[in-house]
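Sequences are here, hints too, so could you generate the full structure?
Number of protein chains: 2
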Amino acid sequence: MGEELGEVEKEVLEAQAVADEQGNNVRALKAAVKKGEKTKEELNEAIALLKKLKLELDGKRKRFDELVGGGSASSVNKEAFRRAVGNALERRMFITQSFSIYGGTAGLFDYGPPGCAVKSNIQDFWKRHFILEENMLEIEGPAVTPAPVLKASGHVERFTDLMVKDAGNGECHRADHLLEDVLKKMLANPLDGGKRKEIENVLARLDELGAQELGAQLKKYEVKAPDTNNEISDPFPFNLMFATSIGPRGDVQGYLRPETAQGIFVNFPQLLYYNGNKLPFAAAQLGQSFRNEISPQQGILRVREFTQGEIEHFVDPEHKDHPKFSRVADLEMLVFSREKQVSDVKRPVTMKLGDAVKSGIMDNETIAYFIGRVYTFMVAIGINPERMRFRQHLEHEMAHYAEDCWDCEVESSYGWIECVGIADRSAYDLKQHAAATNKEMGAWITFDKPKFVEELVVEPISKVLGKAFRKDAKTVVSALKTMTEENALKMKAELEKSGEANLKAFCDGGDFVIKKDMVKIERETKKVSGKFITPGVIEPSFGIGRILYCMFEHTYYVRESAEGEKEDDKKVVFKFTPLVAPTKCTVFPLLQKEEFNVVCRDVCNSLVDSGLSTIIDVTGTSIGRRYARTDELGVPFAVTVDHDTLEDNTVTLRERDTCSQVRIPISDLCATLKNLSSMKTKWEEVQAQYPSQGGSASAAKEENRTEATYSLRCP
Amino acid sequence: MGEELGEVEKEVLEAQAVADEQGNNVRALKAAVKKGEKTKEELNEAIALLKKLKLELDGKRKRFDELVGGGSASSVNKEAFRRAVGNALERRMFITQSFSIYGGTAGLFDYGPPGCAVKSNIQDFWKRHFILEENMLEIEGPAVTPAPVLKASGHVERFTDLMVKDAGNGECHRADHLLEDVLKKMLANPLDGGKRKEIENVLARLDELGAQELGAQLKKYEVKAPDTNNEISDPFPFNLMFATSIGPRGDVQGYLRPETAQGIFVNFPQLLYYNGNKLPFAAAQLGQSFRNEISPQQGILRVREFTQGEIEHFVDPEHKDHPKFSRVADLEMLVFSREKQVSDVKRPVTMKLGDAVKSGIMDNETIAYFIGRVYTFMVAIGINPERMRFRQHLEHEMAHYAEDCWDCEVESSYGWIECVGIADRSAYDLKQHAAATNKEMGAWITFDKPKFVEELVVEPISKVLGKAFRKDAKTVVSALKTMTEENALKMKAELEKSGEANLKAFCDGGDFVIKKDMVKIERETKKVSGKFITPGVIEPSFGIGRILYCMFEHTYYVRESAEGEKEDDKKVVFKFTPLVAPTKCTVFPLLQKEEFNVVCRDVCNSLVDSGLSTIIDVTGTSIGRRYARTDELGVPFAVTVDHDTLEDNTVTLRERDTCSQVRIPISDLCATLKNLSSMKTKWEEVQAQYPSQGGSASAAKEENRTEATYSLRCP
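Note that the protein sequences, when read in sequence, are chains F and A. In this note's numbering, each residue carries its 1-based index in the first sequence increased by 1. In this note's numbering, each residue carries its 1-based index in the second sequence increased by 1.
All the given hints hold, so there is nothing to weed out.
With a Cα cut of at most 20 Å, we get these calculated SDA-like pairs of lysine to any residue:
id: 1; chain 1: A; residue 1: Lys128; chain 2: F; residue 2: Ser121
id: 2; chain 1: F; residue 1: Lys63; chain 2: F; residue 2: Glu8
id: 3; chain 1: A; residue 1: Lys128; chain 2: F; residue 2: Gly288
id: 4; chain 1: F; residue 1: Lys432; chain 2: F; residue 2: Ala400
By construction, these hints were calculated from the structure, which means they are not laboratory data. The model shown is predicted, which means the values in this text are computed figures rather than measured ones.
Written out as structure tokens, the structure reads:
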């Protein structure tokens, strides 16, 4: 089905291009008719053709939609959808370009009030879900990092992307992105089968290409600089770390950390001590990381400064079972194993984690346990589980030290986006820092039961040797002690056979005749209670901004207008879970009357006092418009104060997605909203407890709700 | 009293120096006696003198302690206290030097698990206390900032400290710190009155000195480089911002933000729009700021990367009253006005905020309201209100644009530390960014009632003028329109008197005779509904690390040993408020038995599930030692599972500071601890509700608790 889908998508894009061109023709003709240069007949003919082309386009688009079902869509729809979400995010100041009054800086974004609140809620939940519930050790270190730390970790040498320069204006571009864009455009046009296969093959291997091979491909496909069409340089590596200088002398090189992980690794000895010198344990850090991207793009998905949450789980490499694995073993999710990716099907399968471990698809319980915890985290904050998959890295994608790696990928209008990486980094980082600092970066593992190990002990009898060899005794003792096990056994045999043996036959110790009473060579059984190891590390690493953006796309929908409303009065809604909603409740007066406003302020204050983020909207616009405004911010609940409130101290409580309402006493409001917001109580339970109230005329009805996955029906 | 205190402190320091020197003598004599170079009698004599000197020193120290009471102490005691607190913070990994396995980097620190949790709790409370409760607009922007933004704000030019270089090894030092150290050492020795006054005068003015004057003073007092005693360079300005380069071309200069405030200012137009174009409103940002300090010192008080919380309250400069001021008007605190600082008394006075505003000591309600909110914040997180004062900046301390500025200073072993600055920055920043970008950075203020303004209107009658002057009409119209009000009135009088007037008599319009019907000059009343202004800004700015450190000092104490314990078994306690405590509860089994452990794990899990940070300690050490361990982490409550628990499902609940215990059913534990932790319930209320339980033998008794403010009685 995948291949057919690709064909149809291509057809849609081609038909779109043809229709667009004809649209331009029609516009040009219209102008020409006005000037008298063309006849009306010519124009009408062109319009008729345009209509025909549009019909064809619609037919192809429909066929494409049928093929993809609800989960995907044409790139045309995707772009329109993405623009609509972006507009909503910018209009309500969820996210804005940083320093926009100065023209903005590529790859830097600000979170405005609602975006900041949503991000903060997700981070708080991350801390609760992982740090608190898994009893992790949280640390917070600086972003400014001295160079030796990042030399040891390999970042100074290898944290690079390949870059090309525009030979004309010096503009820089990512070499792989440039090649990718050109090849994808080629694929959109008719090509013979061999050529298409060839290009698809290059695209599939894009991540693997080194500077030389990438350079050769750029030449082969005659890639030029975008916009200018100038020649480009050969690809060369550009280090993505922001460099700076620490201290006033200017001689201490520093970088802004490209990941939060290293701040944990360098603290390993202290953290181990803090944990009572016991393995396994996990440490975590949530904070800013910095990557000086060559050409940032895709909104907040590839930025120069971002919030990262990283967990380093330190474990005895020989014991990667997990005591709490049974709690996640029955969780089912989309698993896209390495094997499936290289097979003909190329599709993930729904699988239980327990089965994934049993069948060996996932290497061990610990990595699978974290995959399970990531899954429950993502679902809790509003990611659609049907549009999330765990994809195993192919061999070439993994760092050379990594043992296994799974990405939690979420489908967005940009395609499948890596939001969380769960990697088995082995003991690489700790060993690197140990080598760079000469510090002990290991842990003592006590065996469950002591082990008994047989070993050969060579014990020179110093007293006898001293008498026999005087000043040479030291040399002899040292020679005996450093004999290989094999030679020691040979000497033992010789001594037992003939009573003496010449040292020079067994090692470079010189010409000394050793007697039987001069050395004891025996096999002994030793009790070993444990061993010293460098722990393995399993690292779940979260890009908070990416998760946030995908969540925005998954929670965005457009509510159709209710009867009697204007057609273009489409209403944008973010169906945030109460957990992440920036504001839990909006309080309105039904009409702009001071006696209503007084009650609204009291209600709002009591909700805020109990820790619930609440806003008040006393502007004079219609209640329907105010509901729409609060829906666009994703506020899950709204309270309306009306005439009845003044009589009986009850208010209307409305739920965002169903638009259903109940009548509830003010005295119950705080507790009810707290439970709804912490997701202890479901809306249905509240509905069962309190009398329902008819929605106001302008409020949309439940059946009008549209879950517009890439729907073009948006403003 | 202040002056006497200074004298006595000087005496203590002098006596200490003399005693130290005699101590050295005694050690030298001991060695000499061994070698037979001196007699035993000489040694005994020296020892007797040392004993006498030490007695004198103790007497002076005692007198000093009497004078200062509990609130302050000698610098000797301060240092020992600081070391003890520092040891405790490092021992339990609250705070550690960053990159310590690489030798550490000056001015960079890590927060370990308990430090991170305390910091996180303080930040959460900051968000709740300010952003949620004051309905502020929170934003989050990047640290990486393009140069033009910081040029406009003045940081590129003026964010500097004066630096000197060691002529020998190139080491850099802060010029003012060097002078200060030398002068303070001079003051510690006997000096004639004139000299002492002179030096005290220089110290008082240290902040005001420019490069030239500071250079002159360094020369005058013959200041050399510390450690090496080399010559030093003249002072020169060093910019404290970390510089970096944005993007791959290397031609976009950037800096790490030195404050979070500018990220708010550049978003002002969008934030104003978000707020419905209404003033006043406040925006806030909590995040990392970076300052490349010349010589970081004083632990985490002066660092190169730190968390800052900044609030910008935008307000009509003519209306700085605050609707919620009455809520803080009766709050009493130590207020150290500019006037008191320059008076003879030099002491803050306890004052109500209402009175401070009424008497004009504080400029307006808004700045006083924020001072009140800062006060309640600081007290809630554990700062001792008797060791906190609000000090007004002296004229020379303020930035040239600032209208008023108050520091919340907290007393620590380092002296009075600025933890929060509350500044009226006027419209400076917004005007700077407006000028740099040509963007509108103002707001429209609608008057409560429209104002009626009388103004003189000069209305040339174009038709008549056109006929009379033809091609010159334009010149005449323009001349009439730009007349001063005074001349227009004179012309009006002339026209009314003689029916005509020559233009040249009233302006540079040329020789034209104007008739009465050619121009209408009338006073008219106009209705004005509002005006366009650049808002003033009141900025409370918080250094989270400084607040944290002062809180550590204010909550540290040493519990004396109970009877039967070893003398040196002193126990360190941090009496964190439940709000900021890193862990709310520790769960212990009384003995290391599996049936106890099972219950402990269940209790711990249920507490964690309800969001309470809980740890479990099942190590085999004595219960007393385990209590001591949890006290040192500042855990306010501990649960012990014992034999009775298995019978009746009750446990012992212990409060940290009183060491008192109650017996409570496990089923009540969650709710009780939640209420205790959120400070809704007091421990006394829990004591009243449940039967008390005798403390274990090794638990210290309440009367043994020592609130050691700078006590030397610490490990």
